[in-house]
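For the record, the sequence lines run as chains A and B.
Note that full-length UniProt numbering numbers the first sequence so that position 377 is 377, with each residue one more than the last.
Note that full-length UniProt numbering numbers the second sequence so that position 65 is 65, with each residue one more than the last.
Please keep in mind that the hints were generated in silico from the structure rather than gathered at the bench.
One should not assume that every hint holds.
Since the list gives no way to pick out one identical chain from another, each pair is judged satisfied if it fits inside one copy or across any two copies.
With a Cα cut of at most 30 angstroms, we get these calculated DSBU-like pairs of lysine-lysine [as the list claims (entries may be wrong)]: (1) Lys359 <-> Lys180; (2) Lys176 <-> Lys404; (3) Lys349 <-> Lys404; (4) Lys122 <-> Lys176; (5) Lys180 <-> Lys34; (6) Lys404 <-> Lys34; (7) Lys176 <-> Lys374; (8) Lys163 <-> Lys180; (9) Lys404 <-> Lys359; (10) Lys122 <-> Lys404; (11) Lys374 <-> Lys349; (12) Lys404 <-> Lys374; (13) Lys34 <-> Lys122; (14) Lys34 <-> Lys359; (15) Lys359 <-> Lys349; (16) Lys404 <-> Lys163; (17) Lys34 <-> Lys176; (18) Lys122 <-> Lys163; (19) Lys163 <-> Lys176; (20) Lys359 <-> Lys374.
Quick caveat: nothing in here was measured; it's all calculated off a predicted structure.
There are 2 protein chains.
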Amino acid sequence: MSLFDTHRALLDGALQASATRGYWSPFPEVASPKVYGETAQADGQAAVRALLGRDFPLAQPGEVGRVATEDSPYGAQIGVRYPECAPEALVAAAQAAEPQWQALGARGRTGVLLEALTRIHKRSHEIAHAVMLTTGQGPMMAFQAGGPHAQDRALEAIAYAWKAMADVPGEALWNKPQGKNPPLVMQKHFEVVGRGVALVIGCATFPTWNTYPGLFAALATGNPVIVKPHPNAVLPAAISVNILREVLAEQGLDANLVTLALSEDPAHTQQLARHPAVASIDFTGSNEFGRWLADNARQARLYAEMAGVNTVIVESTDQYAAMLRNLAFTLSLYSGQMCTTTQNILVPKDGIATDEGHKSFEQVGQDLAAAVDKLLSDPRVVGAVLGAISAPQTVQRTQDAATKGRVLLASRAVDNPDYPQARMHTPTIVALTQGDWATYARECFGPVSFLVATEGAQGALQTADATLREHGALTLGVYSTDRAFIESSVQLSRRARVALSINLTQGVYVNQSSAFSDYHATGGNRAANASYTTLAFVADRFVVVQRREHVAAPPAA
Amino acid sequence: MSLFDTHRALLDGALQASATRGYWSPFPEVASPKVYGETAQADGQAAVRALLGRDFPLAQPGEVGRVATEDSPYGAQIGVRYPECAPEALVAAAQAAEPQWQALGARGRTGVLLEALTRIHKRSHEIAHAVMLTTGQGPMMAFQAGGPHAQDRALEAIAYAWKAMADVPGEALWNKPQGKNPPLVMQKHFEVVGRGVALVIGCATFPTWNTYPGLFAALATGNPVIVKPHPNAVLPAAISVNILREVLAEQGLDANLVTLALSEDPAHTQQLARHPAVASIDFTGSNEFGRWLADNARQARLYAEMAGVNTVIVESTDQYAAMLRNLAFTLSLYSGQMCTTTQNILVPKDGIATDEGHKSFEQVGQDLAAAVDKLLSDPRVVGAVLGAISAPQTVQRTQDAATKGRVLLASRAVDNPDYPQARMHTPTIVALTQGDWATYARECFGPVSFLVATEGAQGALQTADATLREHGALTLGVYSTDRAFIESSVQLSRRARVALSINLTQGVYVNQSSAFSDYHATGGNRAANASYTTLAFVADRFVVVQRREHVAAPPAA
Numbered sequence: 001m002s003l004f005d006t007h008r009a010l011l012d013g014a015l016q017a018s019a020t021r022g023y024w025s026p027f028p029e030v031a032s033p034k035v036y037g038e039t040a041q042a043d044g045q046a047a048v049r050a051l052l053g054r055d056f057p058l059a060q061p062g063e064v065g066r067v068a069t070e071d072s073p074y075g076a077q078i079g080v081r082y083p084e085c086a087p088e089a090l091v092a093a094a095q096a097a098e099p100q101w102q103a104l105g106a107r108g109r110t111g112v113l114l115e116a117l118t119r120i121h122k123r124s125h126e127i128a129h130a131v132m133l134t135t136g137q138g139p140m141m142a143f144q145a146g147g148p149h150a151q152d153r154a155l156e157a158i159a160y161a162w163k164a165m166a167d168v169p170g171e172a173l174w175n176k177p178q179g180k181n182p183p184l185v186m187q188k189h190f191e192v193v194g195r196g197v198a199l200v201i202g203c204a205t206f207p208t209w210n211t212y213p214g215l216f217a218a219l220a221t222g223n224p225v226i227v228k229p230h231p232n233a234v235l236p237a238a239i240s241v242n243i244l245r246e247v248l249a250e251q252g253l254d255a256n257l258v259t260l261a262l263s264e265d266p267a268h269t270q271q272l273a274r275h276p277a278v279a280s281i282d283f284t285g286s287n288e289f290g291r292w293l294a295d296n297a298r299q300a301r302l303y304a305e306m307a308g309v310n311t312v313i314v315e316s317t318d319q320y321a322a323m324l325r326n327l328a329f330t331l332s333l334y335s336g337q338m339c340t341t342t343q344n345i346l347v348p349k350d351g352i353a354t355d356e357g358h359k360s361f362e363q364v365g366q367d368l369a370a371a372v373d374k375l376l377s378d379p380r381v382v383g384a385v386l387g388a389i390s391a392p393q394t395v396q397r398t399q400d401a402a403t404k405g406r407v408l409l410a411s412r413a414v415d416n417p418d419y420p421q422a423r424m425h426t427p428t429i430v431a432l433t434q435g436d437w438a439t440y441a442r443e444c445f446g447p448v449s450f451l452v453a454t455e456g457a458q459g460a461l462q463t464a465d466a467t468l469r470e471h472g473a474l475t476l477g478v479y480s481t482d483r484a485f486i487e488s489s490v491q492l493s494r495r496a497r498v499a500l501s502i503n504l505t506q507g508v509y510v511n512q513s514s515a516f517s518d519y520h521a522t523g524g525n526r527a528a529n530a531s532y533t534t535l536a537f538v539a540d541r542f543v544v545v546q547r548r549e550h551v552a553a554p555p556a557a
Numbered sequence: 001m002s003l004f005d006t007h008r009a010l011l012d013g014a015l016q017a018s019a020t021r022g023y024w025s026p027f028p029e030v031a032s033p034k035v036y037g038e039t040a041q042a043d044g045q046a047a048v049r050a051l052l053g054r055d056f057p058l059a060q061p062g063e064v065g066r067v068a069t070e071d072s073p074y075g076a077q078i079g080v081r082y083p084e085c086a087p088e089a090l091v092a093a094a095q096a097a098e099p100q101w102q103a104l105g106a107r108g109r110t111g112v113l114l115e116a117l118t119r120i121h122k123r124s125h126e127i128a129h130a131v132m133l134t135t136g137q138g139p140m141m142a143f144q145a146g147g148p149h150a151q152d153r154a155l156e157a158i159a160y161a162w163k164a165m166a167d168v169p170g171e172a173l174w175n176k177p178q179g180k181n182p183p184l185v186m187q188k189h190f191e192v193v194g195r196g197v198a199l200v201i202g203c204a205t206f207p208t209w210n211t212y213p214g215l216f217a218a219l220a221t222g223n224p225v226i227v228k229p230h231p232n233a234v235l236p237a238a239i240s241v242n243i244l245r246e247v248l249a250e251q252g253l254d255a256n257l258v259t260l261a262l263s264e265d266p267a268h269t270q271q272l273a274r275h276p277a278v279a280s281i282d283f284t285g286s287n288e289f290g291r292w293l294a295d296n297a298r299q300a301r302l303y304a305e306m307a308g309v310n311t312v313i314v315e316s317t318d319q320y321a322a323m324l325r326n327l328a329f330t331l332s333l334y335s336g337q338m339c340t341t342t343q344n345i346l347v348p349k350d351g352i353a354t355d356e357g358h359k360s361f362e363q364v365g366q367d368l369a370a371a372v373d374k375l376l377s378d379p380r381v382v383g384a385v386l387g388a389i390s391a392p393q394t395v396q397r398t399q400d401a402a403t404k405g406r407v408l409l410a411s412r413a414v415d416n417p418d419y420p421q422a423r424m425h426t427p428t429i430v431a432l433t434q435g436d437w438a439t440y441a442r443e444c445f446g447p448v449s450f451l452v453a454t455e456g457a458q459g460a461l462q463t464a465d466a467t468l469r470e471h472g473a474l475t476l477g478v479y480s481t482d483r484a485f486i487e488s489s490v491q492l493s494r495r496a497r498v499a500l501s502i503n504l505t506q507g508v509y510v511n512q513s514s515a516f517s518d519y520h521a522t523g524g525n526r527a528a529n530a531s532y533t534t535l536a537f538v539a540d541r542f543v544v545v546q547r548r549e550h551v552a553a554p555p556a557a
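Build out the structure end to end from the sequences listed, making use of the hints.
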C-alpha cells in the first residue's frame with residue numbers, strides 16, 4: 001500500500017474538518033499515558049537528555065562547523081551542537097533534490113509528508129520537552145501547542161495544499177468543434193510545479209506551531225525547504241527536520257530536500273533570504289526583521305506573521321466573574337508571550353454595567369488584578385500556565401512598562417522548584433488613559449497589559465480602530481450585553497480585518513485558535529499577511545506547467 | 001429570481017469546464033448574424049461612431065477635466081473625451097462603496113457580475129469595434145479576442161473566485177468534548193472580506209482580454225476596482241466599466257465601486273498605484289513599468305504580466321509544410337503584437353530532418369519566409385490577420401531589428417483600402433547565430449522574429465534554457481519527431497516554468513490560449529507572476545474575518 005493510501009483517512013478527515021470547521025483533531029491534546037503510552041513521557045524526556053551537550057545527529061552538505069546557540073529560559077543546560085552549513089551548499093542541495101520531489105506528484109508527496117507527520121506525532125513527548133526547555137513554555141502547554149496542536153496545523157497545511165493541487169486536473173482532452181470540418185483535438189497535460197527553494201524562518205516561542213504550516217505547505221506543493229529556526233529554539237525544529245529526512249531517505253528520496261540552517265552570524269540568514277533561488281519565505285517574528293525581509297528579499301514571496309496590538313474591549317458583561325477569570329488566564333498563559341495575547345484592555349473611564357452591578361474603571365482594574373493573583377496563587381497552576389520568560393529583554397521590557405502608568409498589578413518573580421534558574425515572572429497590568437497613545441499603540445511583548453480608560457464605549461471603539469488600523473492585530477475581543485455594540489465591534493473587526501471573540505467566559509480564550517476551525521490571523525492587517533490556513537496560504541506556492549499536442553479526433557459516438 | 005439564480009447555469013458550466021479543462025465556451029466566437037443578430041455588427045459599429053469626438057457618458061467623483069488620449073493605429077479619428085478624476089476622489093469613492101458590496105456576500109456579488117458580463121456579451125460587436133479602432137487588431141480578431149474570448153476569461157475569473165470563496169463556510173458549530181464535563185460549544189461566523197481598493201492597469205493591445213480577469217476577480221472577491229486603461233485603448237474599457245456601473249446602479253448599489261482612471265499625466269497612475277488604500281494591482285504591460293510597480297507600489301499585491309522571450313525549438317518534423325503554415329500564421333497574427341507571439345525560432349545550424357527530406361538552416365529560413373509571404377499575399381487575409389501596428393515605436397523597432405542580422409524576410413508596409421492611414425506592416429524574419437545573444441535574448445516587441453542557428457539540437461535546448469531563465473516567457477513550442485527530444489523539452493518547460501506546445505500543425509497556434517482549458521502564463525517565470533486562471537490568481541484577493549461566541553450545548557442525542 002502506498003503511503004498516500006495508508007494515510008488517506010487522515011487526509012480525508014482534515015479535508016472534511018476544514019470544510020465544515022467544527023471541532024476535530026486526530027492528535028489527542030491530552031498527554032495521557034493511556035493515549036500516548038505509559039512510558040511515553042519519560043521516554044521523550046530521556047530522548048532529549050540524550051541529545052543535550054552533544055553533536056546533533058544531522059549530516060548536511062557544506063558543513064563548516066558546529067554551533068550551540070540555545071539558552072534555556074528554565075536555566076537548563078542545552079548545549080546541543082548543530083551543523084552550520086554554507087548557504088550556497090544548502091541552496092544547491094535543495095535544488096538538486098527538487099526534480100525528484102516534483103516528479104513524485106501530489107499524491108506521492110502528500111503520502112510522504114503524512115507519514116512524517118505521523119512519526120512526529122509519535123514523538124510528541126520528545127518534541128514537547130524540547131519545546132519546553134527552549135521556549136520556556138510550561139510542560140502541558142509545550143506538549144499541547146508544540147505537539148498535537150502544531151501537528152494539527154501541519155495537517156491542515158497539507159490538506160489545503162492537497163485541495164489546491166487537486167483543483168488542477170492531470171490531463172484533459174480538448175475537443176473543439178469546427179462546424180462541418182473535423183474537430184480540433186488536443187491532449188493536454190497539467191503539472192503542479194513548485195516555485196523553488198522555500199525558506200522557513202521560525203520564532204523563539206513556538207518553534208513547531210509556527211514553523212510546521214509553512215514547512216508542510218511548501219513541501220506538499222513541490223518545493224524543497226530550508227528551515228532556519230530561531231537560534232534559541234532549534235531543537236524542536238531539528239528533531240522535526242530529522243524525522244522528515246529519515247522518511248525521505250527510507251523512500252529512496254534525497255534527504256536534502258529538507259535541511260536545517262543555523263549560524264551565529266546574522267548575515268547567514270540574510271544571505272539565504274536574498275538568494276535568487278529562494279522563491280518563498282515563511283517568517284514568524286518581529287516586525288523589524290519582517291520589514292527587512294519585505295524590503296530586501298524581494299525575489300521571494302513572503303508569508304509573514306509579525307506583531308500587532310491585540311485588544312479587548314469591555315463595554316459591559318452579564319458574567320463579570322467569569323469574564324475576569326477568562327481574561328486572567330489569557331494574560332497569564334505563557335506569561336503573555338503569545339502573538340495572540342491581549343495587550344490592551346479598553347474600558348470606559350466611567351466604568352461598566354455588570355451582573356454584579358456597576359463597576360468603576362478602578363474596580364475593574366482591581367478585580368482583574370485579583371483574578372490574576374488568584375489564578376497564580378496555586379504553585380501547580382504557576383508551573384503549568386505561566387512557564388518561563390523566553391528572552392531576558394522581555395523582563396526588562398516588563399519593568400519599563402510599569403513606569404509608563406499606574407501599576408494595577410505588579411510583576412513578581414516566581415520560583416520553580418524543578419528549575420531553580422528558571423526566568424519566571426507574573427504579568428503586570430498598568431492603567432493608562434486614552435491619551436497615552438504613545439505607550440499602548442505599539443507592541444509591548446511579554447507579560448504586560450494595559451488597562452486603558454476610554455472616553456465611553458465609543459472611545460473604546462475609536463481607540464481600537466485607530467490602533468488596529470496602524471498596527472494590526474491577531475486577536476480582538478469584546479465583552480458586551482448590548483447586541484448593537486457587539487454589531488459595532490463586528491463592523492470594526494471587518495474593517496480592521498481581525499478575528500473577533502465575543503464574550504468569552506468559558507474554557508476558550510481569545511489567544512487560542514483551534515486548527516481546522518479557527519483561522520489564525522486574517523492576513524489582512526499589518527500583523528500578518530497570511531493566515532493559517534486559507535487557500536491563499538498554499539495556492540501561490542506552485543504553478544501549473546502545461547503541455548499540449550494534437551491527437552487524432554476520437555471516433556464519433 | 002436573484003441574479004445569482006438567473007445565471008447559476010453559466011457559473012456551473014464554467015466551474016465544470018475549468019475543472020475538467022476540455023473545450024467549452026458559452027460565448028460563441030463566430031461573429032455570425034445568426035448568433036448575434038442580423039444588425040448586431042452594424043449596430044455595434046454605429047454605437048461606437050456615436051461616441052467618437054464626444055464626451056464619454058461617465059460621471060465620476062472628483063472630475064477635474066476631460067481628456068482625449070487615443071490615437072488609432074488605423075488612422076481613424078477617435079477623440080472621445082473621458083473624465084479625468086483626482087486620484088484621492090476615486091480612492092475615497094471606492095472605499096465608500098466597499099462595505100455595501102462586501103455585505104452583499106459572494107452570491108450577491110457573483111450574481112451582479114454575471115449579469116454585467118452577460119450584458120457585455122450582448123455588446124460584443126460594439127466592444128469589438130472599439131478594440132479594433134484603438135488597438136489596431138483586425139476586425140475578426142478584435143471580435144474574438146476582445147469579445148467572447150475576453151468574456152470567457154472574465155467568466156473564468158468569476159468562477160475561480162467563486163470556488164475560492166465557496167471554500168469558506170459561512171458558519172460552523174464548534175463542539176469540543178470535555179470528558180465528563182459538558183462540551184465547549186461555540187457558534188462561529190466566517191466572512192469573506194476583500195483586501196481593499198484594487199487597481200487594474202490595462203495594456204494597449206488587449207484592453208479587455210487582459211483587463212477582465214483582474215477586474216472581475218477583484219470585484220467578485222469583494223474589492224472595489226479602479227480601472228486604469230492604457231491611454232491609447234480606453235474605449236473598450238470605458239464601455240465595460242459603464243456596463244458594470246449601470247448594473248450596479250440598477251441593483252441599488254453604489255456605481256463608484258468601479259471607476260475609470262485616466263490622465264495625460266503619468267504621475268496620476270503612479271499616485272494611484274502608491275496609494276496606501278490600494279491593496280492590489282493587476283498590471284499588463286512593459287517590464288519597465290512592472291518593475292517600477294514592484295519597487296514602488298509595495299503596499300499592494302502585484303499581479304503582473306509583462307514581456308518574456310517566447311521561443312520555438314525546431315528539431316525535426318514529419319509535417320514540414322503544415323509546420324511552416326502554423327508558424328507563419330503565429331508570426332503574422334496581429335503583426336506579432338501578442339505577448340504570446342514567438343520571437344525566437346531555434347534551428348540547428350546543420351538543418352533538420354523533415355518528411356520532405358533534410359532541410360538546411362538556410363532552406364528552413366527561406367521556406368518560412370515564403371510561407372509568411374504566401375499567407376499575406378491574399379489582401380483579405382492581410383486585413384483579417386495582420387491588423388495595424390499599435391505604437392509608432394514598434395515600426396522603428398522593426399526596422400532596427402533588421403540591421404541586427406541577415407534579413408530572411410523584409411517587413412513591408414501594406415495598404416488598407418478602408419483605412420488609408422492605417423499603420424500596417426508585415427513581419428520580418430532575421431537570421432542570427434547562437435552567439436548573437438545580445439540581440440535575441442531580450443524582448444523585441446512587434447512583427448520581428450529571429451531565426452537562430454544553434455549548435456545542434458542540444459544548442460537549441462541550451463539557448464532556450466538560458467533565455468527563459470533570464471527573461472521568462474509566456475509560450476514555448478517544440479517541433480520534433482524524437483520523443484526523447486520532446487521529453488527534454490518537457491523537462492525544459494518544467495524547469496523554466498513555461499507552457500509547452502508540441503508539434504502544432506493544425507488550427508491551434510502557440511500564441512493562442514483557450515479559456516477554461518489553457519492556463520495563460522504560469523506565473524512562475526520573469527514574464528509574469530500570475531496566471532489566467534489559477535486559485536492563486538483569486539485566493540489572496542480576500543481574507544476571512546471570523547467571529548465566535550459561546551452558545552449553550554445542543555441537547556444530547
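Against which earlier hints does the structure fall short, listed by number upward? 1, 2, 6, 8, 10, 14, 16
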